[in-house]
Amino acid sequence: MMTGKEDLLTALGEAFLMEKGTKIFYSEAAEKAVNADARKTFNYLAEWEGTHMDYILTLYKGILEDWGVVTFEEFKERAETSTTEAGIPLKELEGKIENYCITDEMGAL
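Residue numbering for the sequence shown follows this note's numbering, starting at 296 and increasing by one per position.
Please keep in mind that the hints were generated in silico from the structure rather than gathered at the bench. Worth double-checking, as some hints may not be accurate.
Restricting the straight-line Cα-Cα distance to at most 16 Å, the calculated cross-link-like pairs of lysine to aspartate or glutamate (EDC-like) are [stated by the list, open to error]:
1. 386 with 323
2. 327 with 380
3. 356 with 302
4. 327 with 400
Simulated restraints, written as ranges between beta carbons of each label pair [said to hold, decoys possible]:
5. 308 with 342: 15 to 25 Å
6. 304 with 375: 16 to 26 Å
7. 384 with 350: 17 to 27 Å
8. 305 with 372: 18 to 28 Å
9. 401 with 306: 33 to 43 Å
10. 302 with 353: 16 to 26 Å
11. 381 with 357: 25 to 35 Å
Only a predicted model underlies this, so the values are computations on that prediction, with no experimental measurement involved. All residues carry an ideal CB built from backbone N, CA and C; glycine is no exception.
Work the whole structure out from these sequences, hints included.
So this is what it looks like as structure tokens:
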């Protein structure tokens, strides 16, 4: 049965994937950062993206009135993403930090 919520649920799924892609990027940037302050900043940003993911999950659950939550939890864990929330392909951003040595806060910018 169509409920009219399908477009919103699709949008939330896409938003979740973009947040997940951005979290992956920040986590990988933190791993590559040489400077402790830069690493701390990237880890903070990755955690922040995680809170966005949790918020989207809460919205999703609210729309479904707790129906299908397990399904979305599985989606959250298994979903692969190729795009960050900025719409930039994850691989493109990863390529930018692949050989980049972050030594201070300005380098992180």
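So, going through the hints one by one against the coordinates:
1. Straight-line distance between C-alpha atoms of residue 386 and residue 323 comes to about 11 Å, which keeps the hinted pair within the 16 Å bound.
2. Annotation: proposed proximity of residue 327 to residue 380 is violated, straight-line Cα distance about 21 Å (limit 16 Å).
3. A hinted pair counts as satisfied when its Cα atoms are at most 16 Å apart, and residue 356 with residue 302 qualifies at roughly 15 Å.
4. In summary, the hint linking residue 327 to residue 400 is supported, as the alpha carbons are separated by about 14 Å, within the 16 Å threshold.
5. Distance hint for residue 308 and residue 342: a CB-CB separation of about 22 Å, consistent with the stated range 15 to 25 Å.
6. A beta carbon spacing of about 19 Å between residue 304 and residue 375 agrees with the range 16 to 26 Å that was offered as a hint.
7. The beta-carbon spacing between residue 384 and residue 350, approximately 24 Å, falls within the hinted interval of 17 to 27 Å.
8. For the pair residue 305 and residue 372, the supplied restraint of 18 to 28 Å holds, since their beta-carbon distance comes to about 19 Å.
9. Judged by the Cβ atoms, the range 33 to 43 Å given for residue 401 and residue 306 holds: they are separated by roughly 36 Å.
10. For residue 302 and residue 353, the hinted distance range of 16 to 26 Å is satisfied, since their beta carbons lie about 19 Å from each other.
11. For the hinted restraint 25 to 35 Å between residue 381 and residue 357, the CB-CB distance of approximately 26 Å keeps it satisfied.
In terms of the numbered hints stated before, the structure departs from hint 2 and from no other.
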